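Student: Next come the chains, spelled out residue by residue.
Number of protein chains: 4
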Amino acid sequence: MIRWNNDYNRVAHPLVLEALMNNAAESNGGYGIDAWCEKGAAEIKKHLGDVDADIHFLVGGTQTNFTVIASALRPFQSVISADTGHVCAHETGAIENTGHKIHALPNTDGKITAEQIAADAEYYLGSDCKEHITQPKMVYISSPTEFGTIYKKAELEAISATCRKYGFYLFLDGARMGYGLGCAENDLTLADIAALTDVFYIGGTKCGAMFGEALVITNDALKPDFRSCIKQNGGMLAKGWLLGQQFYTLFATGAYFDACAKADEYAMRIKAAFEAKGMEFYINSPTNQQFVLLSRQHFEALEKNHVSEYQFTLPDGRVCTRYCTAWSTLESDVEQLVSDINAL
Amino acid sequence: MIRWNNDYNRVAHPLVLEALMNNAAESNGGYGIDAWCEKGAAEIKKHLGDVDADIHFLVGGTQTNFTVIASALRPFQSVISADTGHVCAHETGAIENTGHKIHALPNTDGKITAEQIAADAEYYLGSDCKEHITQPKMVYISSPTEFGTIYKKAELEAISATCRKYGFYLFLDGARMGYGLGCAENDLTLADIAALTDVFYIGGTKCGAMFGEALVITNDALKPDFRSCIKQNGGMLAKGWLLGQQFYTLFATGAYFDACAKADEYAMRIKAAFEAKGMEFYINSPTNQQFVLLSRQHFEALEKNHVSEYQFTLPDGRVCTRYCTAWSTLESDVEQLVSDINAL
Amino acid sequence: MIRWNNDYNRVAHPLVLEALMNNAAESNGGYGIDAWCEKGAAEIKKHLGDVDADIHFLVGGTQTNFTVIASALRPFQSVISADTGHVCAHETGAIENTGHKIHALPNTDGKITAEQIAADAEYYLGSDCKEHITQPKMVYISSPTEFGTIYKKAELEAISATCRKYGFYLFLDGARMGYGLGCAENDLTLADIAALTDVFYIGGTKCGAMFGEALVITNDALKPDFRSCIKQNGGMLAKGWLLGQQFYTLFATGAYFDACAKADEYAMRIKAAFEAKGMEFYINSPTNQQFVLLSRQHFEALEKNHVSEYQFTLPDGRVCTRYCTAWSTLESDVEQLVSDINAL
Amino acid sequence: MIRWNNDYNRVAHPLVLEALMNNAAESNGGYGIDAWCEKGAAEIKKHLGDVDADIHFLVGGTQTNFTVIASALRPFQSVISADTGHVCAHETGAIENTGHKIHALPNTDGKITAEQIAADAEYYLGSDCKEHITQPKMVYISSPTEFGTIYKKAELEAISATCRKYGFYLFLDGARMGYGLGCAENDLTLADIAALTDVFYIGGTKCGAMFGEALVITNDALKPDFRSCIKQNGGMLAKGWLLGQQFYTLFATGAYFDACAKADEYAMRIKAAFEAKGMEFYINSPTNQQFVLLSRQHFEALEKNHVSEYQFTLPDGRVCTRYCTAWSTLESDVEQLVSDINAL
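So the sequences go chain by chain: A, B, C and D. Numbers 47 to 390, taken from the numbering used here, label the letters of the first sequence in order. Numbers 47 to 390, taken from the numbering used here, label the letters of the second sequence in order. Numbers 47 to 390, taken from the numbering used here, label the letters of the third sequence in order. Numbers 47 to 390, taken from the numbering used here, label the letters of the fourth sequence in order.
If you're looking for bench data, these hints aren't it; they were derived computationally from the structure. Check the hints yourself; a few may be wrong.
Said to hold, decoys possible - Simulated pairs of lysine-lysine, DSBU-like, Cα-Cα distance not exceeding 35 Å:
1) K323/A x K350/A
2) K92/C x K176/A
3) K176/B x K269/D
4) K269/B x K91/B
5) K269/B x K211/B
6) K176/D x K198/C
7) K85/B x K308/C
8) K85/D x K176/B
9) K176/B x K198/A
10) K317/B x K176/A
11) K350/B x K85/C
12) K176/B x K308/A
13) K176/D x K92/B
What the hints assert, rightly or not - Calculated Cβ distances over 12 Å to all of chain D for the following chain B residues:
14) E72
15) K92
16) H136
17) T159
18) Y169
19) P270
20) K317
21) N351
22) L360
23) N388
Unchecked claim - Where chain A lies over chain B, by a calculated footprint (3+ residues, C-beta under 8 Å):
24) 114 to 125
25) 138 to 145
26) 174 to 183
This structure is a prediction, so every number in the text was calculated from the model and none was measured. The C-beta atom is built at its ideal place from N, Cα and C for all residues, glycine as well.
Produce the entire structure from the sequences given, and follow the hints as far as they go.
Tutor: Following this line, the structure appears as structure tokens:
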């Protein structure tokens with residue numbers, strides 16, 4: 047059985063494991079105050095262009111999301127998100143648990159637009175009873191989204207300009223950042239993202255690290271005492287250097303970018319194979335996640351050798367299921383899957 | 047100028063004020079432990095039929111809503127509400143501030159249905175990743191709703207049965223209870239509501255009291271330590287007897303029911319006057335709130351003598367505005383408004 | 047039976063009730079946007095000297111306390127308080143419920159000192175692990191305290207200077223402000239308090255109002271969006287003008303000051319009577335609350351005609367009990383109590 | 047430089063790293079639903095005797111503590127802890143951030159007693175104003191404590207009996223469990239702890255794992271939906287099998303017990319060396335943490351070759367500093383330190 051159901055089903059990139067073993071005898075300072083975290087942050091900063099960033103390493107995505115939002119907002123402020131956004135749909139109400147309402151915007155591709163954000167801002171500004179509703183103050187977007195789609199540079203510029211116009215913080219969840227940067231459609235760099243957002247994170251867990259997310263804060267207003275927020279929210283790893291070392295390795299070697307780009311290529315081969323058989327997709331994704339619509343019979347046929355992640359069944363009986371490639375995907379696995387698709 | 051913009055713009059029903067003055071020299075125990083609260087609760091219980099209820103008096107509606115929800119739910123549990131529900135749309139994120147997500151259901155008349163609730167329940171039960179989403183555990187409805195509509199007995203029975211099937215608490219916000227009970231369409235009694243819900247409140251602020259809401263808890267699971275929740279959430283009035291005395295007066299005299307029913311009658315006269323002139327309504331309300339659609343010219347003409355509450359402007363240029371009658375509305379005011387409508 | 051157990055056992059000062067009745071036919075705007083709240087704030091500002099204050103009217107003290115603290119602090123920040131402070135000892139964890147730790151300082155008279163505050167500040171600043179502990183950011187004091195003691199001007203100046211040195215907000219809970227200002231020992235004016243603190247409140251509930259507290263915010267950093275915080279925390283009374291009108295009446299007539307000063311005088315007469323009989327006090331209070339130590343026999347003898355508030359029993363068998371005078375205390379009640387004390 | 051400042055300064059026990067490398071090519075299910083977590087839990091259960099336990103793997107201690115407490119308590123309930131307890135003194139107000147007050151008990155050795163707990167319970171039960179104070183519902187203890195001391199079996203039995211008498215949950219934080227079980231003074235087994243507490247955790251991070259804590263819930267009331275709480279609080283590792291595999295390895299091989307016991311032996315050799323030189327200790331610890339009092343001169347002399355964790359300076363000028371041994375301590379390091387102590 048080949049596991050395509052997600053992109054976090056193997057330990058870590060070989061270079062990460064090698065680095066870990068090579069340094070296993072070292073002793074390091076605790077809680078992220080150590081040379082590895084410094085080195086990891088320095089490597090990331092090489093990609094950020096001309097911004098003055100604070101970089102923090104946290105363990106996981108949900109934790110990073112609610113820590114950022116809880117740190118940034120006053121109690122009556124809310125965060126705008128796509129209704130399919132991770133903070134809205136997959137985190138067990140973690141944001142609300144910190145006290146904040148999510149204003150969920152409808153969407154069809156995992157993305158929201160500058161126009162939607164502006165409309166929300168104008169609604170609030172135009173209200174006669176502002177103190178009876180929450181005040182939007184942050185916009186959360188993920189890129190790639192939960193559906194594998196990405197924001198293009200022009201879209202992100204428009205959103206960024208809208209956020210700055212209305213005084214909103216723009217927070218980009220890059221849990222799958224590597225797959226976004228590595229895909230053929232992408233026209234954004236990390237420096238662009240750093241310049242256009244106020245805070246974002248570079249996902250490690252799904253992109254070659256064993257675990258860990260690198261949070262980049264560029265807006266000075268969001269920087270003070272952020273380590274206190276991390277600790278309070280349970281995100282401060284005692285052995286913090288494990289995170290710094292992984293990001294150092296992935297960035298210094300370029301493996302972060304290369305491994306994810308390769309996974310995107312594999313995803314395109316799989317996508318092409320499905321398309322060649324006339325299968326449709328729930329959404330047109332240029333990255334490592336593919337949401338294909340299969341007849342129940344085809345779905346079950348493929349599941350004999352492969353594990354995908356069932357999503358839901360359409361009224362016409364077709365199954366929507368997710369195939370993910372990852373930094374760990376083997377070419378032989380892709381060949382097997384393509385062959386099995388062709389045989390349907 | 048006659049103020050129709052809301053139903054809380056005058057102090058209190060004359061009988062309430064009279065009782066207050068008559069007893070001003072009395073001294074009473076603090077924090078709701080006093081004879082007046084006992085008497086107020088006893089009067090209310092006469093209407094509740096065969097349930098074993100705990101009755102608490104709180105100061106206001108938002109406070110009552112978040113105290114009930116925070117007391118009832120574990121952190122990962124959510125409350126189902128119409129997206130126009132007061133907890134969702136008018137309370138500055140007070141529910142989220144207590145840590146709980148609201149699952150907002152779309153609606154066109156302020157009401158939700160048993161079918162919508164069942165669909166939500168089934169979605170959760172059918173999920174493969176329950177621990178990644180919030181667990182619905184309470185249903186919040188208001189009746190009358192924020193648009194003046196009411197739940198009929200059959201609707202409430204269906205919702206109640208659905209809630210019991212899925213183990214959801216049913217919480218009815220009766221901020222305008224009196225206007226619901228008093229309207230011509232109504233087929234529910236307080237005893238019906240007590241039997242069909244787990245917790246509900248009988249609004250005083252908008253229905254003749256100076257301020258205050260009477261919370262009725264019928265489900266034993268929701269009763270323990272509720273006074274601790276009230277105190278923690280700032281709802282325990284030092285001079286709690288002021289609340290008990292008001293409800294005693296309104297219920298012992300029947301003024302709660304009579305004054306609200308009269309306001310409903312007045313609203314129907316105003317509604318008829320608008321209809322006679324061919325005006326349409328945003329929604330067909332049988333109670334004291336009327337959301338009428340007026341041309342800008344008509345709207346401004348009426349505002350010369352009357353204050354209504356502007357809601358929004360339709361694409362066709364018509365204004366939606368709210369006219370509320372109340373326990374305090376004078377017949378002469380109604381006559382003036384009807385006359386001014388007729389003159390449009 | 048004469049009730050001395052607290053200072054909130056009667057409805058309201060006669061002038062407040064008279065104003066209420068006189069204006070019962072008026073209609074007013076909702077949620078504190080009305081002429082009475084403007085007039086009430088204007089009267090209070092006459093006493094505040096040369097500060098630019100925002101004034102808000104809330105319903106009760108616990109609600110005011112947690113709303114102020116939740117509005118002012120970021121999640122990892124804590125509030126310093128005497129361990130006997132109301133927020134620490136009498137509010138069911140309401141402050142912690144908003145997410146904030148209280149750093150409780152030991153004390154023997156309800157008061158804390160500038161030295162204690164400075165020591166706390168230095169402990170934090172000197173810590174090698176600041177992100178593992180909460181950051182003190184606000185100091186909460188009550189005056190009069192829960193034991194009736196007051197801060198003298200020199201003490202408040204020292205605390206204020208310390209808070210400003212360390213960047214702490216100083217919040218004074220004046221639930222019994224009138225009794226503090228009116229006592230013989232007092233050397234503070236409202237203008238002094240406004241100048242020395244960042245936010246404080248003038249208690250109405252215990253000082254002649256039916257209910258309500260007037261919050262005065264002088265620090266600009268604490269002003270933005272405070273009405274949103276009030277609404278979110280359930281403190282925005284629909285009929286907000288009821289609060290403004292009460293404070294207008296109490297301040298425009300001087301009744302706030304006169305009635306409380308009279309209550310202090312009565313308390314001193316009672317205190318003198320106990321002292322003349324050789325009774326000791328748990329604490330030497332110059333205001334309306336007197337915590338006297340009585341033998342069980344004397345305690346029970348007095349309770350035949352009087353209701354005091356039992357506090358605790360000392361190891362030597364004596365009972366500590368509280369006698370409160372109030373704006374509503376009658377001279378004849380004082381005479382009766384003094385006579386009964388003399389007869390012990 | 048030899049690092050003795052903490053017990054989490056090296057990656058992981060060699061057997062853990064070996065297992066990790068051996069299984070690096072495996073793919074596994076996400077979020078702790080996998081064979082390794084099952085195996086890890088099964089190994090742990092072999093030590094728990096006759097209890098029906100739910101076992102969950104979380105990433106870190108602070109996270110585990112606040113997730114357990116937030117899951118167990120209603121909003122107005124508080125947790126009793128030593129004032130030196132980790133939840134009280136080292137977690138940036140994480141518990142208060144979930145809304146709960148900690149009732150901090152004074153202590154001199156990191157431990158609290160059954161008598162102190164009973165006194166707290168009786169205080170609450172005897173209160174005339176229960177709804178104005180928080181309700182104690184859980185007792186938190188750590189063993190070993192933050193000072194290296196441990197609870198003996200008789201002490202834990204007394205605490206357990208007291209908790210059961212008053213209906214309190216007993217939660218034991220075993221971040222350093224291995225060092226407690228392995229020390230000469232210990233008379234408790236994991237089965238004893240499972241029988242006497244309601245929930246406890248077996249620390250991995252400080253006891254041989256790379257990271258991770260194994261939470262054991264024995265009280266049925268605390269079991270439902272705990273995975274939802276983990277996810278909501280950011281503690282659900284995407285690659286959850288990494289946690290299960292580590293605990294499987296440490297328990298199946300016995301390394302958890304052996305490596306920690308060895309560290310305790312080393313600590314006793316260091317302790318003996320200090321004692322032979324006449325040095326005193328801040329506290330008499332039988333486990334891997336030693337808090338020694340050194341003259342400034344001796345402290346600085348040792349710091350030339352060794353890194354300890356400075357705690358504070360006594361009025362007499364002596365420094366209190368912490369020396370930790372760990373599963374990773376080398377005998378040669380111990381010999382060096384002992385030699386350097388002897389040379390003082």
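Student: Could you run down the list of hints and mark each one as holding or not?
Tutor: Hint-by-hint comparison with the structure:
1. K323/A x K350/A: Holds, at about 19 Å.
2. K92/C x K176/A: This hinted pair holds, its Cα atoms lying about 29 Å apart.
3. K176/B x K269/D: Roughly 15 Å between the alpha carbons, so the hint for K176/B and K269/D holds.
4. K269/B x K91/B: holds (16 Å)
5. K269/B x K211/B: Holds. K269/B to K211/B sits at ~21 Å (cutoff 35 Å).
6. K176/D x K198/C: Holds, because 33 Å separates the two Cα atoms, which is no more than 35 Å.
7. K85/B x K308/C: holds (34 Å)
8. K85/D x K176/B: holds (23 Å)
9. K176/B x K198/A: At roughly 33 Å apart (the allowed maximum being 35 Å), K198/A and K176/B satisfy the hint.
10. K317/B x K176/A: Holds, at about 30 Å.
11. K350/B x K85/C: holds (26 Å)
12. K176/B x K308/A: holds (33 Å)
13. K176/D x K92/B: holds (29 Å)
14. E72: holds (22 Å)
15. K92: holds (27 Å)
16. H136: At about 23 Å from chain D, H136/B clears the 12 Å cut-off, so the statement holds.
17. T159: The assertion about T159/B holds, with a minimum of 27 Å to chain D.
18. Y169: Answer for Y169/B: holds, closest chain D Cβ roughly 15 Å.
19. P270: violated (9 Å)
20. K317: holds (44 Å)
21. N351: Holds, because the least Cβ-Cβ distance between N351/B and chain D comes to about 49 Å, which exceeds 12 Å.
22. L360: L360/B is indeed farther than 12 Å from all Cβ atoms of chain D, at 41 Å.
23. N388: Non-interface label on N388/B holds, nearest chain D Cβ at 55 Å vs cutoff 12 Å.
24. 114 to 125: Result for this restraint: holds, n = 3.
25. 138 to 145: Result for this restraint: holds, n = 6.
26. 174 to 183: holds (count 6)
Checked against the numbered hints above, the structure breaks only hint 19 and satisfies the rest.
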